[in-house]
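The whole structure should be built from the sequences, with the hints applied where relevant.
This is what each chain is made of:
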Amino acid sequence: MFPGTVRDNLREAAELARNPEKDLEAEMRAAMDLAELDRALLGREGDRLSMGQKQRANIARALMTRPEVLLMDEPTSALDPETAERLADTIRRLSVERMFAVVMITHRLAEARRASDFMAVMEAGQVIEAGPTPEIFGQTENARLRAFLESGRER
Amino acid sequence: MISVLQPSEVQDRPIVDVSSLDLTLAVGLILIAIGVSRWQKLGLEKDFVVGAVRTVFQLALVGYVLVYIFALDRWYLVIAALLSMLVVATHTAVYRHEESRRALLGITAAAMLLGSGLSLLYVGAVVVRMEPWYNPRYLIPLFGMIVGNAMNAAALAAERLRSEMESRRAEVEAYLALGASPERASREPVRRSLLASLIPTVNGLMVVGLVSIPGMMTGQIIAGASPLTAFRYQIVVMFMLASSVAITATVVTLWYCRIFFTRAEQLRPGAQASGS
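Chains as they are written, first to last, in this note's numbering: chain A, 8 to 162; chain B, 31 to 306.
Just so you know, these hints were derived from the structure itself, not from any lab. The beta-carbon is built from N, C-alpha and C at its ideal position, and this holds for glycine as well. Treat the hints with caution; some may be incorrect.
[To be verified] A short list of chain A residues far from chain B (calculated; beta carbon distances all over 10 Å):
no.	residue
1	23
2	102
3	113
[As the list claims (entries may be wrong)] Label pairs and their computed distance ranges (CB to CB):
no.	chain 1	residue 1	chain 2	residue 2	range
4	A	31	B	214	10 to 20 Å
5	A	46	B	130	22 to 32 Å
6	A	29	B	211	19 to 29 Å
7	A	103	B	126	51 to 61 Å
8	B	261	A	51	45 to 55 Å
9	B	203	A	73	14 to 24 Å
10	A	80	B	211	19 to 29 Å
11	A	31	B	70	51 to 61 Å
[Said to hold, decoys possible] Over the 10 Å line for every Cβ pair with chain A, so calculated as not near, a few chain B residues:
no.	residue
12	84
13	96
14	156
15	230
16	249
17	280
Here is the structure:
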């Protein structure tokens, strides 16, 4: 988080992206809602948030820049599974509504399945399989990938 | 001590000379510092011994060198003396830095040359108006004082910037991720390291005369100058320190800061990422 309150953080992001929105306050509230963060937290100092709140505040902050492509590296790692799933749904919905692409890195198979249209599976820095998400989770000839998907089922 | 400084008494009392035996007795003071280092396991015992020996030799030597330079009175000798002071100060400012020492060497030298040079130029050309312009009697001691302070400010600024960039790594990366320039992303670390390096100088301005009686003033007074002349010089020196320290610290932080980023405006991988 940047120094200052959550509101300062969101405003800073809007300024960095030269977001011309007139009603910044309304857009901030919308971003907070989308990231499932209580609006009352807008006035709280960034360093007084919990890890999960910080992660969601970071997502709200990223939305303030009105991205065309959103790169997310483990955006839900500090969230509980249910919230993480809801957030994945939200991001998917947003990407359709606001017309941006999302590239997400995750260790959660369920999240990848739920949120993506297309996925690449990596192992030791190498892409071992890539394709439309339903195909990856459906039939695959790749034995290593099979084992990986099987092992992930319990997680 | 204060009573010695009374103007009326300066003339009629002889200057107390410090004999070689007195100097030997003064070694006891350094032993106390060595004792502390040993007790708290600071590992500075050797540094103190080397430092003490260097103090004796360097000060003895500089006495003779100054007599020589004053007598010859050549501009190139004065410039050579100033440059060698700058070289030693640069080396001292960076040698405790383990990382990016090479880059810091150039940055610190340039920053101190600019900060001290400009301040000295202003004083020499506008305020004191020396005759001739290279008058070593003024230039060498004045330059020594400002370079000494600039050296500490440069070392503080660089050290603080490195630690701020490390502890605020996540914050800096977040700025970059949202499209900020490296300058914007590092504004807070830069601000904090400038603050840290300038505060000793501000404090110095606050307490001069009340707590610290500066070396130059003491020296002039002991040598027989009127405290009224000495204090005027000291005011010039204090203001000169402020400008040289400010310029030096600014150049060091802004320039050193660029080293943390790649050409593609990414933060270079550092020793340790922490926090959020």
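Hint check:
no.: 1; hint: 23; verdict: violated, 5 Å
no.: 2; hint: 102; verdict: holds, 18 Å
no.: 3; hint: 113; verdict: holds, 17 Å
no.: 4; hint: A:31 / B:214: 10 to 20 Å; verdict: holds, 19 Å
no.: 5; hint: A:46 / B:130: 22 to 32 Å; verdict: violated, 44 Å
no.: 6; hint: A:29 / B:211: 19 to 29 Å; verdict: holds, 25 Å
no.: 7; hint: A:103 / B:126: 51 to 61 Å; verdict: holds, 56 Å
no.: 8; hint: B:261 / A:51: 45 to 55 Å; verdict: holds, 53 Å
no.: 9; hint: B:203 / A:73: 14 to 24 Å; verdict: holds, 20 Å
no.: 10; hint: A:80 / B:211: 19 to 29 Å; verdict: holds, 21 Å
no.: 11; hint: A:31 / B:70: 51 to 61 Å; verdict: holds, 54 Å
no.: 12; hint: 84; verdict: holds, 43 Å
no.: 13; hint: 96; verdict: holds, 50 Å
no.: 14; hint: 156; verdict: holds, 41 Å
no.: 15; hint: 230; verdict: holds, 24 Å
no.: 16; hint: 249; verdict: holds, 45 Å
no.: 17; hint: 280; verdict: holds, 21 Å
In the structure shown, a violation is registered for the earlier hints numbered 1 and 5, in ascending order.
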